[in-house]
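Protein chains: 4
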Amino acid sequence: MKLYTVSGFNEVGKNMTAVDLGDDAVIFDCGLHLPAVVELQEQEEKQTEYSEKKLRGIGAVPDDLLLDKMGVRGKVRALLLGHAHLDHIGAVPYLAYRYKAPIVGTPFTIAVLKKILEDEKIHIPNKINEVKPNSSFLVRGKKRNYQVEFINITHSTLQTAMMALHTPKGVILYANDFKLDNSPVLGLPPNYDALKRIAKQGVKALVVDALYSGNDRKTSSEKIARAMVEEVLLTVENRKSAVFVSTFSSHIARLKSIVDYGKKLNRQIYFLGRSLRKYVSASIEVGMCPFKNNIYMGSYKRQVDSILKKVSKNRESSLVVCTGHQGEPGSIMDRLSRGKLPFEFKANDNIVFSSKTIPAPVNVANKENMDKRFRKTGVRIFDGVHVSGHAGREDLRDLISLLNPENIIPSHGSTQQLSPMIELAREMGFRSGKECHLMQDGQKLKL
Amino acid sequence: MKLYTVSGFNEVGKNMTAVDLGDDAVIFDCGLHLPAVVELQEQEEKQTEYSEKKLRGIGAVPDDLLLDKMGVRGKVRALLLGHAHLDHIGAVPYLAYRYKAPIVGTPFTIAVLKKILEDEKIHIPNKINEVKPNSSFLVRGKKRNYQVEFINITHSTLQTAMMALHTPKGVILYANDFKLDNSPVLGLPPNYDALKRIAKQGVKALVVDALYSGNDRKTSSEKIARAMVEEVLLTVENRKSAVFVSTFSSHIARLKSIVDYGKKLNRQIYFLGRSLRKYVSASIEVGMCPFKNNIYMGSYKRQVDSILKKVSKNRESSLVVCTGHQGEPGSIMDRLSRGKLPFEFKANDNIVFSSKTIPAPVNVANKENMDKRFRKTGVRIFDGVHVSGHAGREDLRDLISLLNPENIIPSHGSTQQLSPMIELAREMGFRSGKECHLMQDGQKLKL
Amino acid sequence: MKLYTVSGFNEVGKNMTAVDLGDDAVIFDCGLHLPAVVELQEQEEKQTEYSEKKLRGIGAVPDDLLLDKMGVRGKVRALLLGHAHLDHIGAVPYLAYRYKAPIVGTPFTIAVLKKILEDEKIHIPNKINEVKPNSSFLVRGKKRNYQVEFINITHSTLQTAMMALHTPKGVILYANDFKLDNSPVLGLPPNYDALKRIAKQGVKALVVDALYSGNDRKTSSEKIARAMVEEVLLTVENRKSAVFVSTFSSHIARLKSIVDYGKKLNRQIYFLGRSLRKYVSASIEVGMCPFKNNIYMGSYKRQVDSILKKVSKNRESSLVVCTGHQGEPGSIMDRLSRGKLPFEFKANDNIVFSSKTIPAPVNVANKENMDKRFRKTGVRIFDGVHVSGHAGREDLRDLISLLNPENIIPSHGSTQQLSPMIELAREMGFRSGKECHLMQDGQKLKL
Amino acid sequence: MKLYTVSGFNEVGKNMTAVDLGDDAVIFDCGLHLPAVVELQEQEEKQTEYSEKKLRGIGAVPDDLLLDKMGVRGKVRALLLGHAHLDHIGAVPYLAYRYKAPIVGTPFTIAVLKKILEDEKIHIPNKINEVKPNSSFLVRGKKRNYQVEFINITHSTLQTAMMALHTPKGVILYANDFKLDNSPVLGLPPNYDALKRIAKQGVKALVVDALYSGNDRKTSSEKIARAMVEEVLLTVENRKSAVFVSTFSSHIARLKSIVDYGKKLNRQIYFLGRSLRKYVSASIEVGMCPFKNNIYMGSYKRQVDSILKKVSKNRESSLVVCTGHQGEPGSIMDRLSRGKLPFEFKANDNIVFSSKTIPAPVNVANKENMDKRFRKTGVRIFDGVHVSGHAGREDLRDLISLLNPENIIPSHGSTQQLSPMIELAREMGFRSGKECHLMQDGQKLKL
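Protein chains in written order, with the working numbering: chain Y, 33 to 479; chain G, 33 to 479; chain F, 33 to 479; chain Z, 33 to 479.
No lab work stands behind these hints, which were simulated from the structure alone. One or more of the hints may lead you astray.
One copy or two, it doesn't matter: identical chains are merged, so the pair holds either way.
To be verified - With a Cα cut of at most 27 Å, we get these calculated BS3-like pairs of lysine-lysine:
| # | residue 1 | residue 2 |
| --- | --- | --- |
| 1 | K255 | K295 |
| 2 | K388 | K404 |
| 3 | K372 | K85 |
| 4 | K86 | K159 |
| 5 | K378 | K404 |
| 6 | K408 | K85 |
| 7 | K310 | K146 |
| 8 | K408 | K333 |
| 9 | K404 | K372 |
Can you build the whole structure from these sequences, using the hints too?
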């Protein structure tokens, strides 16, 4: 059995890992490198449809030509997707056609994928399968089948799964992007029972989100973020002023908290921006949008303009949730800050970022400059009303203790970001290069 | 009327501000510069009693000789203390004798002061007066009296007060060290009504805690910290292992949360360390220690040793709260990390720092080195289970909006730390050098 | 006499200070805020001519409408320019027409200004006067005249001047952007004699570059940078590979060092990029380009393409100096990194940044992303082959000791960046708010 | 053949690598972890002689018990020392006795080692051998001998060597602590010819100083530091004031520059401090102290006091070089800053740190606090008059290109500090886990 760390091991983004089982192979995740895409958008005069070639050229998609070279491509029997974030599913529209294999994910993940395909007007030939959280998919191989469990786990979007591939040599557990949150506001808590069960069966290899392995923490629950949202919205002096909130569009639990406290303020709630529409619609389709009747949504230019004009006249009774917490060019927040939309901020209006600036330089620059433009209006800015969706060092220790894997492969960051995982593993008795493997993009590990 | 920024305007620590009212004067706060004291302790072979001279020599106490030079010392009619932290009251034992004036503070502040005087075996000639939160003290001047309100405010210790000195020209509001916390876990919420009232009367000058004026935030409530403590104690896998928690000894609300969740774990709770004993005893004396019957306290060497031996045998049923979250030399945590106490940490034992390392270099060094020693044992470290007690930029905006003062004097930090307050004030219409004054230690401002 | 800190006191950029002398007034500098312009370029689909209105809207030019409001505009008798950098002269094309006053600067500064006016095809009605370094200009006032000395000082471009305005109340010395370099590689050393002389005459106010007042250093001489360039070019293994160098286009002394060592490598030297052409041409016009016969220059697309094709075939015998050390979109380096120019980097080709990334977020992002694109080719990157052109804390101390001014106004940064100057001044006996004034944009100081 | 990364692969300090050759073994370096020792000194009331046990307990010496466990200890035939820094030789007094093997180093390294043994009054049974730079030592094995070349390389102390162990399977090159400096001020330049020769013979493994593998630089020559020293001493206004300089005591080339420019100032030069005496005496013994006749040295308390009293009266004609650039407790600078020595700094006296604060937290704290104490006197501080002695990314690339080793083992830092070397190696075609090995303390690598 061989594991290929195709992509996502040299930087945060464009995750892809492949497992060669002999006659068959599977792929975990197929994501975009978002900063590269953002940069491309800034370069190109018009947002055109991206070609696979262009995206490969700028390093925005996994370099899966490795799998051709290694003779794996033809054996791929499933493309398994862990959750709905673009760095895990965003390259599917461009690369999936290369594999004669079904695409598999939880209902929310699949609903989001379908929205993306629709929006980008891309057709892919692959069959698309939904698997409920905490149930299994059977990958049909040449001579035998393989069970893949989609074990429910918590993260900053709905229906995130750790994926357990059962092989004759033991389980390969793909555990990218998670935290251990027993009070997740929306959705199920982590399925510890399933993890215990597969630990007993024997975990051959654990591919694990090590992004914050250097942080001495247990990552806080989403309920903490909820309490932070509550406090900012309900205790700050904001009665007569406008309130705008921006958060990760895919973070339906966070959106629920914002809507809940927005209602308490007796404000009419508007959602503005294309990516918000995409994720919220997907959550409605899978029956996981508890606030669907409490919001007005607008994404087309005319809708956005008309809503903002209304808000402008009813500042004290409106709350706008919109895109742009990273200062993304073209987002609602960005355009508001440049005076390109029909709403003008005044002194004491409130802008709440229920988010953290993702530390890619392009985000830092966009966000700082946007803040600066906003600040000229005398607006109030509440930044960092947020808790992370990624496990800290002590969550990782809990997971590894629980699973006792034979091999650990740190994932989801640069070599330097992943290196503290090596030290944690060492504390727990896993030796670097023996049981804990600091891999890079495009490498192979024999198991 | 003149205001003297005696100390605490060039660095965090040793706060002291004086107001010259003509015939009379008052002093706000009389604190220590703790890093200097810590350093002194490290230098001296034995912890001896400190003399005023030695403390002046290392810059550990306010340079109040300025007041002699300015002819103010003899007119001082009251030494008013805002809250019980050492950087606000710690120099009283060494400097108070210089003033023929009573010392005034809330009951908890006074109780702590008395413990310190007792511990250091220092007698001071001054009368000591207690004033309940949200009531007033009458300063007896030469020809007239002055009312000083002790307005209840929230911070990281009990019975913190903003002090409003009523003068013929308006109120001088000394607002050092606060946040606006409507859910303070223990004690009263901020007295907004009183603040609104004095705003109507007219605030001549506001001396204000500007330490985090550069942070775009409303500082979270203590209830958030409580939820973080809950999560670390109750959801992490710790059943069979020791649990040690360290937090600010004066933070009785935080200690309450730790005890509450410790009880839920069915663990016997021990408090170890001299400063814990000091603050907890003070809180008991003023009837504000809800957990007094749930803990065993030990501070003398023999008690500490005996308790730790017991804990060593009953790791799974004990929880130790102890001093040392900043890695202070000689604290319980420090001595534990050096193997100087009869308890040995094992792999998976838990150390929770319900605190943040105060960014003085001596603390950073002590804490990092202590962590490193701990880490060799395989212990788990949960750091930063904490929220700040200091106002952020948006709390400051709320306070200033509420008070609309004539003059703002940013306080509680270095020139560089205070400078963002200048920018916030400017956004709100206060001009640097006109209505907002970036003062330094030892300066005078005419009002 | 009143001094207006029009702009450049809240952030690095768009410098402008005005002095109201009663019947007459003068303006020092009239610069752009470059990050705002860069951002604008990224936003706009095409680089169009900028209007004053648009530039005002994004805060790219000084808000000199203040001078209208204060009744100063009509009295302005001279627009005095200290040196050729865009943050000091770049707004002249857009704002100068508002003043019926001549523009005055050293020959290199004026030559650069004229190039800019030509390139942007902007005509301004003002008379333009050249003043040799270390000589004077007579400002003709309503009732009397004022001498302005252009005292030669060292910085990172040619013919930089401290400007001493002689008034009846003493000298106003505008000392923005300088270091004290006794070995400046090109041009004259600082004119200490003149500074001593005006010190004797009495300096009423010193407006001074305090950007690095927090750095405990004497800024190194340009000769150190020259030695660093020498070492990177001559001792690194680069015989068979391409060498590209980028530096500040206005830094003629640095360019001289690059050309000198390029010649030692026996390489043909090419200069590519519009801003290089602009500054180098200006230096040729004023007779200060010692390397004019040693280089080929190209700035139009066709020239650039043709030169790069030639270099591509003669990697081992060419050295390219080009624009783009900050990763500016559209610069030669930026376009090279995106594969938009006919030269492909190979493993072991050399890219030397004889510069430092200016810490505006947009630069940091552009540079990091550009580096990342380059790194995929296996190229070698030598970053930071540079010394600063700005005075450190100890240079400032030397200057202030020399001048002993009555008033100090720190300049060239944000409140926070300027605040260490307050502390240095304090050490030297200047009190904050009395003799040392932390001003902000748009403020007035009576002298 | 097996290589043991005994120590120095988890943090900066206590370097030790062992090679098991079958019947025989050799050890490279045997250093201390200095921050641990500094901390110990601060803890202990008196500086006593340290025992091996105590030093092991605090992790100050390599954990070489591993070699006992692995059956290597008895086979060790030589203890080879690369250069005179304490993190490379400082544990010899405590651990060497465990090996029946000679100690081998260049004359300066050995001279320093002997001084240490003398000072600490420790006798070790091992034979001690000197090897001239660029010559060889023959390790006598059980059945065969092994040649070890001491190839001259440049670093921040004299006679630093890369050590090439010739084995039947190729050369093991131990290249810890170096830069590639072709103008080293004192001593020989790098012996590139020897490196090329062993490259031809075949380098089986390269253990390499990767501390700054993440810095995009070629590290500057010592001649740059010399020019910086020159500028600070000769161009700053310091005629009437005292001048104190502190630098690394082992950095004889730097000391030469300081003395040279001190002489130009016509100042009498004094060297104060025990470690200065140690290293300078060693350099005199090996005939490499060109300034030996130009200095007065003092290290005992009486000498120090008497010299400082003299300097105090002759401030304008003295220059003191002393210990304490890291703020080490007990150093001359530290004691000066605390008023414990008979010299008082006045305003405008000069303190030059020809050094960089080594980023261990204990150093940062000591230095910052010392600076703060100094600053109260109005003294001038020139910090960072220094260039590094460690290779940057591009030096490493040059070395690896030159050697083309089969295996690379990054050394001299924490996992995180070493991780950029993995990325550089990858660029150059070395795969992580295959040809480039991120090792940790106490690991084994089969070759």
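Against the structure, the hints:
no. : hint          : result
1   : K255 <-> K295 : both (18 Å within a copy, 22 Å between copies)
2   : K388 <-> K404 : both (17 Å within a copy, 23 Å between copies)
3   : K372 <-> K85  : between (33 Å within a copy, 16 Å between copies)
4   : K86 <-> K159  : within (25 Å within a copy, 52 Å between copies)
5   : K378 <-> K404 : within (14 Å within a copy, 40 Å between copies)
6   : K408 <-> K85  : between (42 Å within a copy, 16 Å between copies)
7   : K310 <-> K146 : within (10 Å within a copy, 53 Å between copies)
8   : K408 <-> K333 : within (25 Å within a copy, 39 Å between copies)
9   : K404 <-> K372 : within (16 Å within a copy, 32 Å between copies)
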